[in-house]
Each structure stands twice: as C-alpha cells, then as structure tokens.
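K.L.:
Sequence:
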Amino acid sequence: KFDILPFGLPHDGALEGLEAIELSQKPLPYRPYSLIGWQGESLFRYFLAFLISILGPTISTVKFGSTIFSLFTLPAFYLLAKKMFPKDKYLIFSSLFFLSISGWHIVMGKTVWRVITFPFFECLLLVFWLHFLKRPKLKTAIFSAVFLALTLNTYNAARVIPLLLIVWSLILFLHKKLTI
Numbered sequence: 004k005f006d007i008l009p010f011g012l013p014h015d016g017a018l019e020g021l022e023a024i025e026l027s028q029k030p031l032p033y034r035p036y037s038l039i040g041w042q043g044e045s046l047f048r049y050f051l052a053f054l055i056s057i058l059g060p061t062i063s064t065v066k067f068g069s070t071i072f073s074l075f076t077l078p079a080f081y082l083l084a085k086k087m088f089p090k091d092k093y094l095i096f097s098s099l100f101f102l103s104i105s106g107w108h109i110v111m112g113k114t115v116w117r118v119i120t121f122p123f124f125e126c127l128l129l130v131f132w133l134h135f136l137k138r139p140k141l142k143t144a145i146f147s148a149v150f151l152a153l154t155l156n157t158y159n160a161a162r163v164i165p166l167l168l169i170v171w172s173l174i175l176f177l178h179k180k181l182t183i
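Residues in the sequence shown are numbered consecutively from 4, following our numbering.
Just so you know, the hints here were simulated from the structure itself, not pulled from any lab data.
Positions of the beta carbon are idealized from the N, C-alpha and C atoms, including for glycine.
The reader is advised that the hints may include incorrect statements.
[To be verified] Computed beta-carbon distance windows for the label pairs:
#	residue 1	residue 2	range
1	Lys90	Trp171	43 to 53 Å
2	Lys85	Ala17	17 to 27 Å
3	Tyr33	Lys90	36 to 46 Å
4	Gly11	Leu175	41 to 51 Å
Given these sequences and hints, build the entire structure.
P.N.:
Below you can see the structure in the form of structure tokens.
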C-alpha cells in the first residue's frame with residue numbers, strides 16, 4: 004500500500020516534490036538552502052530531483068525518496084548503537100527495534116518531510132566522530148567533517164549539532180583529565 008497509505012502528500016511533502024521537479028528540469032549548482040526562503044535546506048530536494056530524473060515525477064517517486072532515508076537510517080543507527088554499546092547486544096537490537104517501529108520514524112519516512120534525512124546523516128556523523136575520539140586519525144576526522152556538513156544541510160535543528168559535539172568533547176576531555 005506504499006502509494007496509498009498515507010493518501011497523497013501533505014503540503015510540506017508536496018512542496019518538497021514541486022521544488023525537486025523544478026530542480027530536475029532545470030538543474031542548478033548545489034545551494035545548501037532553497038532560493039525560496041521558507042523552504043530551508045535543500046539536500047533532500049536535490050536527492051529527490053535525482054530520483055525524479057530517473058523514475059519520473061510521481062507521488063510514489065517522492066515518497067520513495069523519503070522512504071529510502073527512513074530505511075537506511077536503520078543500519079546507520081545500528082552502527083551507532085554498536086559503537087556506543089559494543090558489549091550490550093540486547094540494548095543494540097532493542098533500540099534498533101524501537102526505532103524501526105516508532106511512529107515518528109515511520110510517518111517521517113512516508114510523508115516526505117526533509118527532516119527524515121537528519122537522523123541518517125547524524126548517525127553516520129556520530130559513528131565516525133566516536134571512532135575519531137577513540138583513535139584520532141585524519142581519515143576519520145575527514146569523514147566526521149563530511150557527515151557534519153551533510154547533517155547541517157538536512158534540517159534547521161542540525162545547527163545545534165556542532166555545539167553539542169564541542170560540549171560532549173569537552174566533557175570527555177575533562178573526565179579523562181579527572182580520572183588520570
């Protein structure tokens with residue numbers, strides 16, 4: 004029932020689709036924000052424009068675009084949970100299960116809201132950032148930076164992520180200093 008549940012598109016999803024159709028017809032150089040001020044970040048729309056150029060401008064194509072991010076967030080979240088709790092398989096799989104059945108995740112994945120891109124890129128950012136904290140290498144720093152940049156291009160709420168990473172790093176640094 005992919006094409007009928009939920010019926011049609013909400014206004015946000017429809018606007019995302021319309022701008023993506025326009026981008027697929029008249030590709031522009033990448034801009035992190037839409038030319039139309041109230042539409043915000045444009046990474047998701049460029050992804051939809053790519054899909055539309057391949058599959059055509061249909062509601063199913065646009066829904067498929069957000070569903071892809073919804074589905075791919077699950078393995079990204081698994082990697083993050085595994086990185087955070089390497090010895091607790093029960094916690095890893097139960098948290099993955101609850102994410103996969105959460106109403107928010109399902110609804111955002113089927114209603115074409117660009118916010119569905121945020122957890123996908125955020126999970127990958129945190130995987131590489133946590134890896135970098137344990138074993139600092141240039142390669143993981145670069146991947147962390149790339150996923151941070153992509154995360155910032157997903158949704159307005161992502162703007163707080165750099166501040167949270169700085170605070171978290173500072174807490175970890177101070178904790179290490181105090182325990183040595």
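K.L.:
Next, verify each hint and record whether it holds.
P.N.:
Evaluation of the provided hints:
no., hint, verdict
1, Lys90 to Trp171: 43 to 53 Å, "violated, 21 Å"
2, Lys85 to Ala17: 17 to 27 Å, "violated, 37 Å"
3, Tyr33 to Lys90: 36 to 46 Å, "holds, 41 Å"
4, Gly11 to Leu175: 41 to 51 Å, "holds, 46 Å"
When held up to the earlier numbered hints, the structure conflicts with 1 and 2 and fits the remainder.
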